[in-house]
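Based on the provided sequences and hints, a complete structural model is requested.
Number of protein chains: 2
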Amino acid sequence: MAESETGGDDARCVRLSAERAQALLADVDTLLFDCDGVLWRGETAVSGAPETLTALRARGKRLGFITNNSSKTREAYAEKLRRLGFGGPAGPGASPEVFGTAYCTALYLRQHLTGPPAPKAYVLGSAALAAELEAVGVACVGVGPDPLHGDGPGAWLEAPLEPGVRAVVVGFDPHFSYMKLTKAVRYLQQPNCLLVGTNMDNRLPLENGCFIAGTGCLVRAVEMAAQRQADIIGKPSRFIFDCVSQEYGINPERTVMVGDRLDTDILLGVTCGLKTILTLTGVSTLGDVKSNQESDCMSKRKMVPDFYVDSIADLLPALQG
Amino acid sequence: MAESETGGDDARCVRLSAERAQALLADVDTLLFDCDGVLWRGETAVSGAPETLTALRARGKRLGFITNNSSKTREAYAEKLRRLGFGGPAGPGASPEVFGTAYCTALYLRQHLTGPPAPKAYVLGSAALAAELEAVGVACVGVGPDPLHGDGPGAWLEAPLEPGVRAVVVGFDPHFSYMKLTKAVRYLQQPNCLLVGTNMDNRLPLENGCFIAGTGCLVRAVEMAAQRQADIIGKPSRFIFDCVSQEYGINPERTVMVGDRLDTDILLGVTCGLKTILTLTGVSTLGDVKSNQESDCMSKRKMVPDFYVDSIADLLPALQG
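Chains as they are written, first to last, in this note's numbering: chain R, 1 to 321; chain A, 1 to 321.
Fair warning: there could be bad hints in the mix.
Copies of the same chain are indistinguishable here, so a pair counts whether it falls within one copy or spans any two.
[To be verified] Dumping the calculated SDA-like pairs for lysine to any residue here, alpha-carbon to alpha-carbon at most 25 Å:
| # | residue 1 | residue 2 |
| --- | --- | --- |
| 1 | K80 | G154 |
| 2 | K302 | D231 |
| 3 | K80 | G150 |
| 4 | K300 | Q229 |
| 5 | K300 | E247 |
| 6 | K120 | A139 |
| 7 | K302 | Q227 |
| 8 | K300 | A313 |
| 9 | K80 | L157 |
| 10 | K80 | A155 |
| 11 | K275 | H149 |
| 12 | K80 | W156 |
| 13 | K80 | G152 |
Source of the hints: derived by calculation from the structure; they are not laboratory data.
Keep in mind it's a predicted model, so treat the numbers as computed, not measured.
Okay, structure coming up:
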């Protein structure tokens, strides 16, 4: 990356030195952070990350947290932020800073399931996802285990469906089963039934380089069987940014997106006209950036950040100056 | 389709009149049939289809049956053919006519899992698929239900794996679950572990226009999580034809592929240099043919048959003449 490090202002993916960071922060009101791989890994905060956020808050910067994870409610995320030392507003009157796909899916359904009958969704996902949907008035069915019953395709197709389901929502569902896939497809045979996926991440990274299958694998299975394309809520889809923008009243030019994934965080930032910082504490590497920069594929060449840091703790010197 | 019906010899997708059928059959030794949607739908034979096959056998034509369905053994298919009146060899010395993906996957693994240790596969699929694999000496683990156990990702990743698994085989698996997906991906982290899919059908059509999710949905989920591309056994992959070719000693120019799907049966025939007949008793329609003929996509324009019939019973007059 030598050429990038010494590049002029036009070069992309420049190391964010303290000097450059000072200049950048002077032009910025809002910083949006991905969580996993940026602020923490599993239950361990990235070293220096809490102090960085505290310093940003002290400088009057507004912070937002954008996560594709659909298995926690907004409040559960806020609690984790506080528990790991990232601060943030607390108490009933506090304005929430967290935009997870469970919450944003609820906003999407509230917008798209207007008019009678009362909105109801078949949810391949967690109780937390259902809780966010219920909080905006969308009744949820389907959460939890649903193993195969009946002794063949005829019986599988006769399993009772809930009346009035107007959307199939696919999130992270460790109870995903063929039976659930079958039911999802049966609901989706109604052309008016929406198909919504919380995100398309292929993997959910854990600590120590481990990972499990991500929500995208489940969305793809439903899409292929139903021959429908899901509306995707999470990064890099712009809908999740629109949710933040609507609540915060954001000026994209004075906003930074900070993330560890080129194909979600950085692509979202580029798509929405934000400044972008890649942090190397998570999934994507400088090798991935280089490969995108050299790709002959236009969609890959978009996935290049303005700046990179080894860790968001690299912002601290600029804030202490 | 008027222009096709009156088209010259160069035109594709011509209705197979009795006269044309006589000329075609004179140049042909072997007819390969897809089963579901061609010979039968569910447990009901297509009207006139058994008589057609009987007449073809009487004329000395060799018949083969190529199916992507992985949930029956070769013998179970032969029994269904006899039960529905399609005849065929019976008894221990009889030469089998059925090439299903369960059997052909077994051949694939026998070719690719040579040398020690003894071949073992993790099977997302039916007992029949495992039976075909075991018959060629591949030990199978994983068949049957495997619901979620453990209270989070860490526990899911600690579920015991079988030692010595050298392939993950994905077939039609009504017990598919997130737990199985997780295990499949863990086996596939060994770069030497093969990933094999029996077929990529998105749907499995049943009677009366009903369908259930096909094997392709499950293969895609595993591929996406493992970030690997599966080796596919069934149509339109040429491997299944190579299996027939090797056992029958086929001359492609004197062979016809008869099927109801453009994207599997007809594409296989075109790819392997066979003559092709689309029958309209199953999935694809003349509208689909027209759309492929007019497509600007080369891969779609290949999915056009030489001939079409309303049903394979349309061949009868040519055989009775």
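Now the hints, each set against the structure:
1. Taking the shortest Cα distances, K80 and G154 sit within 25 Å of each other only across copies (18 Å), while inside one copy they are farther apart (46 Å).
2. Taking the shortest Cα distances, K302 and D231 sit within 25 Å of each other inside one copy (22 Å), while across copies they are farther apart (31 Å).
3. Taking the shortest alpha-carbon separations for K80 and G150, only the inter-copy value of 22 Å comes in at or below 25 Å, while the best intra-copy value is 42 Å.
4. For the homomeric pair K300 and Q229, the shortest alpha-carbon distances inside one copy (22 Å) and between copies (20 Å) are both at most 25 Å.
5. Taking CA atoms no more than 25 Å apart as the test, K300 paired with E247 passes in neither setting, with 30 Å inside one copy and 46 Å between copies.
6. Proximity of K120 and A139 under a CA criterion of 25 Å is satisfied intra-copy only: 4 Å inside one chain copy versus 46 Å between copies.
7. Proximity of K302 to Q227 under the C-alpha cut-off of 25 Å is restricted to the inter-copy arrangement: shortest distance 22 Å between copies versus 29 Å within a copy.
8. For the homomeric pair K300 and A313, neither the shortest alpha-carbon distance inside one copy (28 Å) nor that between copies (52 Å) is at most 25 Å.
9. For a Cα distance limit of 25 Å, the shortest separation of K80 from L157 across copies, 23 Å, qualifies, whereas the shortest one inside one copy, 42 Å, does not.
10. In this assembly of identical chains, K80 and A155 lie within 25 Å of each other by CA distance solely across copies; the values are 21 Å between and 44 Å within a copy.
11. In this assembly of identical chains, K275 and H149 lie within 25 Å of each other by CA distance neither inside one copy nor across copies; the values are 51 Å within and 43 Å between.
12. In the homo-oligomer, the alpha carbons of K80 and W156 lie at most 25 Å apart only across protomers (22 Å), although the nearest pairing inside one protomer, at 40 Å, exceeds that limit.
13. Taking identical chains as interchangeable, the C-alpha atoms of K80 and G152 lie at most 25 Å apart only when they sit on different chains, with a minimum of 17 Å there against 45 Å within one chain.
In summary, the numbered hints that this structure violates are 5, 8, 11.
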